[in-house]
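**Student:** Can you make the complete structure from the sequences, with help from the hints?
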Amino acid sequence: MIKIGLIGAGNIIYAHTRPIKKHPELQIVAVPEVVPERAAKAAEPWGAKVYPDYHEMLDKEELDIAVISLPHFLHEPAAIACAEHNVHTLLEKPMSVSEASCQRINDAFAKSKALLQVGHVQSYSAANRKAREIVRSGELGELIAIETWRTGHYFTEKRPKWHWKKETAG
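Numbering (this note's numbering), first residue to last: 1 to 170.
Honestly, the hints are just simulated from the structure, not real lab data.
Treat each hint with caution, since some may be false.
[As the list claims (entries may be wrong)] Heads up, simulated PhoX-like pairs for lysine-lysine below, C-alpha to C-alpha not over 20 Å straight-line: (1) Lys-41 <-> Lys-22; (2) Lys-21 <-> Lys-49; (3) Lys-41 <-> Lys-130; (4) Lys-41 <-> Lys-3; (5) Lys-166 <-> Lys-3; (6) Lys-93 <-> Lys-60; (7) Lys-60 <-> Lys-49; (8) Lys-21 <-> Lys-3; (9) Lys-60 <-> Lys-3; (10) Lys-111 <-> Lys-130; (11) Lys-161 <-> Lys-113; (12) Lys-166 <-> Lys-93; (13) Lys-130 <-> Lys-113; (14) Lys-49 <-> Lys-93.
**Tutor:** Put into structure tokens, the structure is as follows:
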């Protein structure tokens, strides 16, 4: 069994738990989350332990993988803690809020026995995979620029307030 800890249990975590359910060898064993109701909701289907913070989880659990889905400005300390515990880590995008912060994360994993993967999940959407296929085929000729955009409004009132500030969202 591959034991997974979910660091943070906001809405984005369910983009990770849906595919985990398809693999019986994967088991979510711990969910550290500061909002108890969110922790309970994410942990319940798995019978996972709930922790008030990821430090306690990392100290007590023998994890193979951690999935970090925290607000962007909290990515660095959580990722470095995972590296220090030699836990392979999937870090939600963006990696962090500054180039210097990203470098500190990379440095921590360079010293670790664990691997780091940043979850650029949009790369795997059906539309983006098809666009990549067309570009690579050469049927459009030599491309000098590509522009993409979201058709939905990203900044809605439902977004957490930290998304609205450069220093916390990046």
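**Student:** Which of the listed hints are not met by the structure?
**Tutor:** Per hint list: 3, 5, 6, 10, 11, 13, 14 violated.
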